[in-house]
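Put together the whole structure using the sequences plus the hints.
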Amino acid sequence: MLRQLSRLPSAAASAFVVALALVGAFLTPAVTAQAADPAYKVLVFSKTAGFRHDSIPAGTQAIRDLGAANNFTVTATEDSTAFTTANLAQFKTVVFLSTTGDVLNDTQQSALQSYLDGGGGYVGVHAAADTEYGWPQYEQIVGAWFKSHPAIQQATLKNEDRAHAATAHLGQTWSRSDEWYNYRANPRGNVRVLQSLDESSYSGGEMSGDHPITWCHPQGNGRSFYTGLGHTAESYADPAFRNLLLGGIRYAAGFAKADCRAETGYTPIYNGSTTGWAQAGPGSFTNTNATLTSTGGMGLYWYQAKQYGSYSLKLDWQMPGDDNSGVFVGFPASTDPNSAVNQGYEIQIDATDTADKTTGSIYGFKSADIAARDGALNPPGAWNTYEIRVEGERLQVFLNGVKINDFTNTDPVRSLQQGYIGIQNHGTGDDVSFRNIRIKELGGSGPGPTPSTFEGESYTSSAGVQPADHASASGGRTLGYIENGDWAGYSQASLTGTTGFSAKVSSGGSGGTLQVRSGSATGPLLGSVAVPNTGGWENFRTVSTPLTGTPTGPVFLTFTGGAGSLFDIDTFTLEKQASLEATSANVHLFYYPWYGSPAKYGSYPP
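Residue numbers (the numbering used here): 29 to 634.
Just so you know, these hints were derived from the structure itself, not from any lab.
Hints are supplied without guarantee of correctness; some may be wrong.
Calculated pairs, DSBU-like style, for lysine-lysine (alpha carbon to alpha carbon, straight line, at most 35 Å) [as the list claims (entries may be wrong)]: (1) 175 to 334; (2) 394 to 342; (3) 186 to 69; (4) 186 to 334; (5) 334 to 394; (6) 342 to 69; (7) 394 to 175; (8) 394 to 468; (9) 175 to 69; (10) 186 to 175.
Right, here's the structure in full:
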């Protein structure tokens, strides 16, 4: 069948210094742009067809001030005719500053959509979410539509992501007064949440305790940033809020790199608390403002509470200059940091070393994709985010959401099937900081639901479909070119015990129906879910369905719909209800941490 190819395809640990983590905002002086930012233009659009905020003039002036200090010029307008393909092409980003109502006609909407899908940036401030309700794609651009708000009052924000340029200057929490929006739907499954509201700190929150308020996400080949802050004129005189706006503008313009893929299901193993961590070898890490900073060395700070097999590890890191550190994975428990060097793998942090020993490399084994790495790397002084994804013996490295390395281990001494995680303190003068170390296990067992996630393009049998490259997708690829009657089988994905199915999908076509079957492409139908047009091939949404019947055997996905390409699948997840095997009442289980793992050291004598 001819495919449509037109779319974008440590017993002797050193002393560890613990400082009191800051609870309130940790504010820096006014942030200036990185020296690498070239001069650029920003369009500020503040047309209102509904309620008009009296803070708009203050907001416009604040963005002009930021531009004067940070090498961008501002064109402010309330004229919708500015939204043409030719005019938008001169701007790196467009700011919707408390717009309200229907402000663009169909032609202008199309120009904005094309601008963003082609690589432009969008920044939405406050009432930008109270805009364009009649244009379905706008909900995807802004992230969520406004629903309601209580009276202006003080509330506490939780700064969930402190690597993004918009929030890196803040502490873990931030108390301020504003008008706090509720939204029609929770955007968390489709965006990277940077800040959320603590609904217990104020009255009138209606998001059931999970209340995103600032977020970002890839938008086609461009970028989108939104904050619900900024109702009051006083906000725009606040240096902390100005810095947040500047970071959002720089991200949307493409100069501040960030991993803005949606993130759910991760468990923090360090976010201020060092419980479960231990130092191996000389040196240490200080712990201040929920930030670990290396000192002395060479040693290793490792998470001894648990070893991991298949997982996604994310962490934020920053170095002030030409410094050196790394993240170790897949090593055995030991008080000797050299055990990690000799039996694990290091993902390097040092952008000036040789190709096989530079940032993103599997140290001494495989260089990063240098071009991709350089395009995704923030300079010294700014924060970066690693995702280190281990599945079997495969190790993938993502920098600020971009895949820069893909390595497969063949050395049994260094097996990645099971091991510990650690961060390196390389030596005096090599000062590297880490924040928000979190992990998501990609399989396993235990009581309660146990999800298993699979890449859409990892099929083992198929008809019609092909992999498609997508920069914003997990692993950089999707199951693509799906047409009516196509199917894909996954022998590695067992349906036994499965109760639910979800998939991360995108569609710039007509959409269609995704069917889950067992055993074969014509096997029993366990569930189906409609996949809508998501506003573009790079705009991912999550769809889900319960599974009925008696799921067994491998997964087969079948696809129905109209003519042409229907949709793409990034990943899919099988939700399983795991159970614990019964243990004899005569057996008592004990674990003595000073003895070690019975699996490693043998059981006690009878």
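Hint by hint, here is what the structure shows:
no.	hint	verdict
1	175 to 334	violated (43 Å)
2	394 to 342	holds (20 Å)
3	186 to 69	holds (32 Å)
4	186 to 334	holds (27 Å)
5	334 to 394	holds (27 Å)
6	342 to 69	holds (33 Å)
7	394 to 175	violated (50 Å)
8	394 to 468	holds (25 Å)
9	175 to 69	holds (32 Å)
10	186 to 175	holds (21 Å)
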